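Trainee: Top line first, the protein sequences correspond to chains A and B.
Each residue of the first sequence is one higher than the one before, counting from 683 in my numbering.
Each residue of the second sequence is one higher than the one before, counting from 683 in my numbering.
Derived by calculation from the structure, the hints in this document are not laboratory data.
Among the hints, a few may not be true.
Copies of the same chain look alike in the list, so a pair counts if it fits in one copy or across any two.
Lysine to aspartate or glutamate pairs mimicking DMTMM-like chemistry, simulated, CA-CA at most 25 angstroms apart [unchecked claim]:
| id | residue 1 | residue 2 |
| --- | --- | --- |
| 1 | LYS803 | ASP748 |
| 2 | LYS796 | ASP811 |
| 3 | LYS765 | ASP714 |
| 4 | LYS720 | ASP761 |
Just so it is clear, the structure is predicted and the values come from calculations on it, not from any experiment.
As a plain string of letters, each chain reads:
Protein chains: 2
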Amino acid sequence: MKDQGKAKRGIPSKSEFNSWYPAIVEIADLVDKRYPIKGMDVWKPYGWKAMSLIDSITRLQMDLTDHNEYRFPLLVPEDLLEKENRLVAKLKSARDLDVDPSELRLDEEDAGFKNEVYWVKHGGENKLDIPMFLRPTSETPMYNMFSLWVRSHADLPLKTYQIVNTFRYETKQTRSFIRVREIHFFEAHTVHKNEENATLQIKEDAQIVQKILNELCLPNIISKRPLWDTFPGAWYTTAADVIMPNGRTLQVATYHHYRDQWAKSFDISYEDENGNNNFCHQTTFGMSERLLGAVVAVHGDDSGLILPPSISPIQVVIMPIATHISEEVLIYSQKIKEELHSNGIRTKIDNRDIRPGNKHYHWEIKGVPIRLEIGPKDISKNQCIVSLRTGGKEILLLEDLTTSINTCLESISNVLRVRANTLHNNMISMAPKSIVNDGKLIFQEEIKDGIVYEIPFEGNDADAELLEKSSGLSLLGECEQPYEEPMSCIITGKMTTKKQYLARMY
Amino acid sequence: MKDQGKAKRGIPSKSEFNSWYPAIVEIADLVDKRYPIKGMDVWKPYGWKAMSLIDSITRLQMDLTDHNEYRFPLLVPEDLLEKENRLVAKLKSARDLDVDPSELRLDEEDAGFKNEVYWVKHGGENKLDIPMFLRPTSETPMYNMFSLWVRSHADLPLKTYQIVNTFRYETKQTRSFIRVREIHFFEAHTVHKNEENATLQIKEDAQIVQKILNELCLPNIISKRPLWDTFPGAWYTTAADVIMPNGRTLQVATYHHYRDQWAKSFDISYEDENGNNNFCHQTTFGMSERLLGAVVAVHGDDSGLILPPSISPIQVVIMPIATHISEEVLIYSQKIKEELHSNGIRTKIDNRDIRPGNKHYHWEIKGVPIRLEIGPKDISKNQCIVSLRTGGKEILLLEDLTTSINTCLESISNVLRVRANTLHNNMISMAPKSIVNDGKLIFQEEIKDGIVYEIPFEGNDADAELLEKSSGLSLLGECEQPYEEPMSCIITGKMTTKKQYLARMY
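Here chain A stands alone, though its shape is the one from the complex (with noise of 0.2 angstroms):
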């Protein structure tokens, strides 16, 4: 019967990821994607809360760290673009020839964002003034008036953030949450005397990233990108990347270090204690939508969502079972409901009239981490029967069920960051041994599709090159934590600590 009804509902095996992605997403209702432009899916109801219960906690995070949020305008004027494309221009250079940026003439041509912007150009029949486009991130419009607001080392640090709308004109396959072409989008925004503060918000910002991967129950790589694949016009970008069930790896948190090149490029000064006027040090830090992708990928199985309760829409469904449902029985659930509503928990009572075979499936595939069924029998029992997403039975006595729920909710988030762990360290295989010969590196055996290689290295970036060339894989940048003992490197054979992953990124 079981089977009957996923077969009905048309999930495919999560074995088969990359199908059953796609279509898990509409079958549990968290997005449409018959809007008719590629990559700007509908946000339906129930995708749409546990976004925003994303957004609750990263909100929580921000007050606890004393950050502000604004809101910036949509739209950006093309001419305030001129200043980061310089600034872009100037760092790529820079990298390109080793040398310091500041010593470089600009190159006016470099495009930067330019090409991946959608314009707006025109108002009614109008043809407006200066172009403007819509942000694809917020650098630009908030650092123009940061320029405004800092004037002293009273005015230090600003910390800012906000959640909006961005957009990219993507030319790639577009996929729900993990590449869409309107992105709901979190990034904050630091502003610091010096490189030093910047530096703590970076740690500042690495153990919030963890904590909100921890209500997600999502394990994660740390690495520091290596320079090539550095946001422009950071000094250094720390990405968090999630290892999807199909082995690539998804980038769901970066925050950079910006020191002051965007200060100087915006003119953001402030005049310290001594009165002497100084450019400021940045930070930013940013994650998306991709955070609830990682979440469906990663928990999900074959009979749909598995939701964490922290963001679940309803961390328990209430289910009046009987062949008709009673007046009694409805009392009772409602009883329960309200108990658990006023101690915080996201309940609902599911009183339709069909099979309770059905009911179980529709909940089974929104991922809702309790169901709790009420029959006639145990209401003389002051009981109730729950099932767990994750699996098991229990009887609950209705004597301090609020606290036996939040056991549960409780064990069930432990069992998905156990699970997720499992899944993390299976997904991981050192490389296989390889050998550096005539410019080429052969690896002895073949590199497998769904795996992430670790490798020890350091090489340059033309090791670099060889490396990801060889593999076809890409190099996720430094991990926070190195080898105990040093190790020899893939490509110069020279002992180091350093470790680092290969992976078929998104």
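Guided by the hints, dock chain B onto chain A, whose structure is given.
Mentor: Only chain B this time, still in chain A's reference frame:
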């Protein structure tokens, strides 16, 4: 000292409302208008938080009435607009000619929204195949999906809403919150089996609007807009207008009965219990950041904002008082903050080392309802001193402080309601006596600026035009509350109970 403070901060007198309003929104740090696109302000944290609190009030009401929150894409492909344009053209012609719209052929020339939207025709360097526009409101993108979602009577009612950024290519003078180009917008869209059910929805909307406006302490006029001011595509439009201190009315909410007009254009139909296919009936309900504009305008005074407690980002600001703030006073302040905070009262401690007078001015400008002072003497007496932003000081005992503070907050709301009602009623006058002579309407006293005129009116469109031309004002529409005794219509002289208002509208 107080006047010095005000002068220093440059707040114009509120009697000069047209100078006061644009000044106070920046002085109170709600928005920054220096963003380089006119009519697109940056929301500062204090303004954004107040707006978010208004959104929370709205979300709660939506939740209580079983509406679900969606999020639709911002961009709309041009070809979807065709359906809307045809509908609008059809209805417009029908009104002009006074015939049944279904008998009309379509006028393809009619532009509808076309002249009021921002156009996206380029992605990067590429010209898009189909131009897209930024939503001015979401009928078009939503109804396209509704036609896929609604199949059977079991899918109805469909009650949706979203809170999003919308855009108008505004050529009139812009004003923060009141007339902007990127609008923080709320829109509910519902689909029903029949006209009657849609009418019940309109009644529910009317109740929701009054609940929200009551939380914001805003008296308002409800009227059914005249036909020429009805939303394109609507059967009828009801609006809530707030009278601003300069006597102009600000439309802050509208709800529209669409009958089955849009459903026929967008093919939104359902199979009923008997297997027959019927077109659906629809309603919409919209509000925007204008709600915040009305709050600022109606409640503020010469010293700054006065925020209703329901949306004040800070409800109680604690000010430890001492020449040098002692450890003891700080601990005491912290204890009070924690008690209030844990009882859901938004509380902040201001322990900056500046003169108490400056703190007072600061929080007065921000419109924080309650300032709570604690000096060394208060500790021994187990008390604190509160000043209400609406006037008055009280000594409160620490015992049961939460209850006392909640009583103060309630009393502040009530004072705001009473004051706003008085202002509202004072702004309304019966229109001066008039005579119709040789096709002209001559008022026996001059029509004055800053007054909303009440009139008995039951004329036709031509009469209304005469009325508007002669007075230089606009007709808001027919009020819900008729006269108890029939009066003589200002134009036709016929006896009528229909009450209408003439005003300068924003």
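Trainee: Now tell me if each hint is right for this structure.
Mentor: Hint check:
Proximity of LYS803 to ASP748 under the C-alpha cut-off of 25 angstroms is found in neither arrangement, the shortest distances being 38 angstroms within a copy and 40 angstroms between copies. Both within a single protomer and between protomers do LYS796 and ASP811 lie at most 25 angstroms apart by alpha-carbon distance, with minima of 18 angstroms and 19 angstroms respectively. For a Cα distance limit of 25 angstroms, the shortest separation of LYS765 from ASP714 across copies, 21 angstroms, qualifies, whereas the shortest one inside one copy, 39 angstroms, does not. In this assembly of identical chains, LYS720 and ASP761 lie within 25 angstroms of each other by CA distance solely across copies; the values are 15 angstroms between and 29 angstroms within a copy.
Checked against the numbered hints given earlier, this structure breaks only hint 1.
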